[in-house]
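**Student:** Here are the chains, one letter per residue:
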Amino acid sequence: MAALIRKTASAALVALLLGLLGTAVALAAGDPNGADTLKADATKAVNFSWTLIAAFLVFFMQAGFALVEAGFARTKNTVNILTKNFMDFCIGGLAFFAFGFGLMFGGSKLAEGLDIGNPLVGLSGFFLTGDAYDVGTNMLWLFQMVFAATAATIVSGAMAERTKITSYLAYSFLVSAIVYPIYGHWVWGGGWLATLPFGAGAKDFAGSGVVHAVGGLVALTGAMAVGPRMGKFSADGKPRTIPGHNMAYVVLGTFILFFGWFGFNPGSTLAATDLRISVIATNTFLAGIAGAVVALYATLARTGKADVGMACNGALAGLVGITAPCAYVAPWASVVIGALAAFVLMGSLWLVENVLKVDDPVGAVSVHGACGLFGLLAVGIFADGTYGDVSGLIAGNVGQLLAQLVNMAVVTVWALGTGYVLFAGLKATMGLRASRQEEIAGLDITEHGVQAYPADEPVAAEPAASGLPATGSTSTAGVALA
Amino acid sequence: MAALIRKTASAALVALLLGLLGTAVALAAGDPNGADTLKADATKAVNFSWTLIAAFLVFFMQAGFALVEAGFARTKNTVNILTKNFMDFCIGGLAFFAFGFGLMFGGSKLAEGLDIGNPLVGLSGFFLTGDAYDVGTNMLWLFQMVFAATAATIVSGAMAERTKITSYLAYSFLVSAIVYPIYGHWVWGGGWLATLPFGAGAKDFAGSGVVHAVGGLVALTGAMAVGPRMGKFSADGKPRTIPGHNMAYVVLGTFILFFGWFGFNPGSTLAATDLRISVIATNTFLAGIAGAVVALYATLARTGKADVGMACNGALAGLVGITAPCAYVAPWASVVIGALAAFVLMGSLWLVENVLKVDDPVGAVSVHGACGLFGLLAVGIFADGTYGDVSGLIAGNVGQLLAQLVNMAVVTVWALGTGYVLFAGLKATMGLRASRQEEIAGLDITEHGVQAYPADEPVAAEPAASGLPATGSTSTAGVALA
Amino acid sequence: MAALIRKTASAALVALLLGLLGTAVALAAGDPNGADTLKADATKAVNFSWTLIAAFLVFFMQAGFALVEAGFARTKNTVNILTKNFMDFCIGGLAFFAFGFGLMFGGSKLAEGLDIGNPLVGLSGFFLTGDAYDVGTNMLWLFQMVFAATAATIVSGAMAERTKITSYLAYSFLVSAIVYPIYGHWVWGGGWLATLPFGAGAKDFAGSGVVHAVGGLVALTGAMAVGPRMGKFSADGKPRTIPGHNMAYVVLGTFILFFGWFGFNPGSTLAATDLRISVIATNTFLAGIAGAVVALYATLARTGKADVGMACNGALAGLVGITAPCAYVAPWASVVIGALAAFVLMGSLWLVENVLKVDDPVGAVSVHGACGLFGLLAVGIFADGTYGDVSGLIAGNVGQLLAQLVNMAVVTVWALGTGYVLFAGLKATMGLRASRQEEIAGLDITEHGVQAYPADEPVAAEPAASGLPATGSTSTAGVALA
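Residue numbers (our numbering), protein chains in the order written: chain A, 1217 to 1698; chain B, 1217 to 1698; chain C, 1217 to 1698.
Keep in mind that the hints were calculated from the coordinates and are not lab data. Careful, some of the hints might be misleading.
One copy or two, it doesn't matter: identical chains are merged, so the pair holds either way.
Said to hold, decoys possible - In silico SDA-like links for lysine to any residue, alpha-carbon gap of 25 angstroms or less:
1) Lys-1255 with Leu-1486
2) Lys-1573 with Glu-1655
3) Lys-1255 with Ala-1487
4) Lys-1255 with Asp-1605
5) Lys-1643 with Met-1446
Isolated chain A (complex conformation):
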């Protein structure tokens, strides 16, 4: 098995290196320096600044996902879930650099070096080389890269506590290289969904569909493929609660996600000269808090307990729900959308566990999948026509709703279909699930050779194996000299 991993990883690395060599010899024909770009349009300075800072905030959401998922996991699987969250954006980043960005934005002509592509798939911009070695293309790349990373990382939560790390990393590569970009091309990269002949075409301002529904629905296929954790369902199929290990991580992670969402949604204008950014930021805030308030009080009314985990997921539900419509609706509608998203969340949580009998330890399928689809729908209902000529039901138009329904169907079929193929393939080759013994012992010791919280030993019991460094890592694994 270790040999297989080594071979797979080696092959991927060789492919990457060959690609790099190819790009090294290509001549840059874009504007890598930026002087000409600025001369042509002085507002590029503030727009680059805005978009890049937004991208940084979105990047930071990775820490939020890591904390929320670690908090909802048990102590014995903490290092495992942290590793998945740390590595999926790293591996996905190389995949998006090599393949994903070109497949998604080739043909969009949104920046230099993105000329070649068709309504189904993009075919230029790979490795940011040639004309794509340009300041505008690099700006677009970074912003889109952190979005791709968000979609990829959603899945780890739904598959937590029983998935092999190596298979998860392979998934990260494939979803960032292929699954995410191709659907993304259809909506944002010059593809066919954006030009549907209904309303203004399918509209998904910041990615309720492209990022969250894709992530959440692929997560559903992943959780189904790997199966529930031992003990999640009783013999007669009733779900049991398996408590996580740290609610402070969950709350801090949610705060970080909320913070990062202010990059996610307002940053999606890619321009500060589009002053709608203030309305988008306000809408984002309002939907998030409305989701939290509804989720908390609905639970409190029913059980008498103030469930902060549900409040956190409620906030995230509201944020996911407002992601598509954030630019097209008024603040009052954002409160309504956030509140409704909390109900969608609660309904979906019930459905996933009790009807589908799927084990999703953090609620990722419901938060991102169900509320992502709801966000697409909300555009068709609440868009008020003040921005981008997008008008929904409340403005008296049915066309936009039609476009949104088509998009909802397409993303559902695409994400479930490719997710099924992807995880079936991984299951048949690398294997998807940790062994029964590993699951009982916890993945931290078995796959990572470490504990999340080792107790103090004043003096190490025995010397490290000869010739290996034994650095500050809590790992017991040595590292070879390069």
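Based on these hints, arrange chains B and C on the given structure of chain A.
**Tutor:** Leaving out everything else, chains B and C in the frame of chain A:
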């Protein structure tokens, strides 16, 4: 009791929804798109970008408060304090959307839709509807919203470990809807304090008074109303130390607060074209570090121990102290202000515990209340006349000091008075304090049905109650299908 | 000893206060208001905004360092390492304000008030007074301040778990006042290295050398001077692994550092009108992820375990490596640089432990020292000539490589030399190492009088000593009334 909560919450929700319906039918007469605003003033792009990013940083301070307070609380009350910190800005946010913003900025004419109001109270801008559906108004709203949330969340620390969650949430609504905005109107919203006939009128650049003194003094009334924790004072009235449970949270939380303060103070220009932002940022940094250094070495000199909790509170004291004067003073003065604030902090901590006999588990009254008042005073002393025509004692003027003293008296009377009424009212109706049994067991189990750090159970002991989802939350509480 | 500390601290404070008095009477001749500066150049608004926000992100890296180091430390030394990380930037900040900034940027003429200096040392700008009370100078100061803080804080990790807190704080003052600024002057402040007659002179865009190599090499001298932790090396000199106590802190800290690096590198343009910022941000991201992927898979291939601690250090290695060349190279080269940096890291880790026999609990010497030197080298190899007229080997030029080699030699000699003198001096006067008993018991109790994670006590056992406040701090140390 549960019935009362449900009724109160339902009534508040109905009021909100009716308000929303009203706003839905109102026509927007502002500039919700932003194109006209930009055309009239191209610098709006960089100023919106600056102000929004600053608002995002201030938002993130909520995570800092949550961590500092959780760290200073005991394990058994950790979920409780996290829940309060997570929900107060959510509930306060809806209150500020519906009522607070209009009461605070109506009549200020700082943006569209804020025309109606008088020196005592604002009367327009509610629900961001009508003319207030405008990009400029939304920008102002978000920035002011996160400030209101900061003021509200200060109180949770002072009342930690013995306050009922439902009463605390009701407090959050009321302080954000009424207490904070009305005094804020007097200073920032076109009210009477800003036009006092001394110096340049009362000056509070980023809210030592509006945010911190209000929060800290309301916290004092809250801590007095709820009474000290069991065991805080011995039979003869001597205070005892009740250690918190996680110093890493305290330090991380302080770092986050310090980071967010760079949005709080420099962002309060609402404009990057006001280049004074660089001096403000430098002043903020210097006051924070000076406060930390003085607090640490003063404690070290006295006790021989390097008390990082005191250093953290010293940094926060310096930051609170510089918040009002940050734009009006020179860097050297910021070092002095930060250093003095650390002494104010230490004196106030002694006073609160030993003279007032009040139990403030995190020192919120001293950090925000006492140092907030000191910040107002510092404007009258250290303002050097280089910015905004504000000159204090060191520039030879006494008038500004007079204005600041009046403001200090007003905020003290307002915050203590309204705080007293607020908590007396809650005490008489919903009740303020958890029961003796709940306090001994810890609020996490009794009010939230969860522990902060559950130990691993490989398999849940028994199935969840029929029909309820049992999601990744560590909660034992189920959630009803909507 | 306590008396010595008090005297030293008092003397430093008096010196600071005298300096402040001096600055208070000096007249400002710069532009403290900023109105004239903006009139002369309207792009200052976006450039100030960009640079300040970047500085805020770099500031936040302090939290990242604190968490990574705390996670790699044992429970019993957690408060100690947190205190060091919190206080070093505070004390270093005052040192840089008083002395460092003037020594580094005097004579650079990069802003007002920085006219006096020579190629060896700067001699103006102290205390930000006189002409330096200017918006441009303050902007530069804050950005450079947070860089100096980064260099200073690197050392704490290498000396963790056995260094006296008071000596460490004295080190922080001296390195920020003298060691860092003087070398920094040579490269960034108008000094002699920038004008070497090879290539474009020594180039270090964002500080692989100025910040990281200096910090990492001084850390090496510190770790050597204080000696290894008890039990780190067996009797026959073999290194042993001493596990840290919290891998979640390590991963969260690394995420925060990565996030902050987006301020560190792109912010170093000091201008958003330099659109190369997008390429720099992309390069930063790519090098970081490539380092993580290589470090993880190299370890996985060798040991079969996915070591997340090594992945985190791999990411940091890539980030350090790209810091000097980030502006001068293409994205493909950043992937290569990040990947190579991971190998440099692993080689250096082995070398430090097995050849030098130095105990560096977090790998700071390798991550920052070795990879910092490698970053300087990478400029000479991979610079492609598209930016700033810097061309390395791949563009057919040898001159730049020569300049970089000279710089590498200089920084090595300077950092090792001054570091040696600094720690030898501290060892001879204040003493550097905690006692054997303190090290066994842990520094938290002995130096700080607190534990990181106290267990709940429902009621404190006995009253605090008379007259002392007993605030929410977990400290057992009281605080004197000022």
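**Student:** Compare the structure with each hint and give your call.
**Tutor:** Cross-check of the supplied hints:
1. Lys-1255 with Leu-1486: both (19 angstroms within a copy, 19 angstroms between copies)
2. Lys-1573 with Glu-1655: within (20 angstroms within a copy, 39 angstroms between copies)
3. Lys-1255 with Ala-1487: both (17 angstroms within a copy, 15 angstroms between copies)
4. Lys-1255 with Asp-1605: between (31 angstroms within a copy, 19 angstroms between copies)
5. Lys-1643 with Met-1446: Within one copy only: 18 angstroms inside a chain, 47 angstroms across chains, cut-off 25 angstroms.
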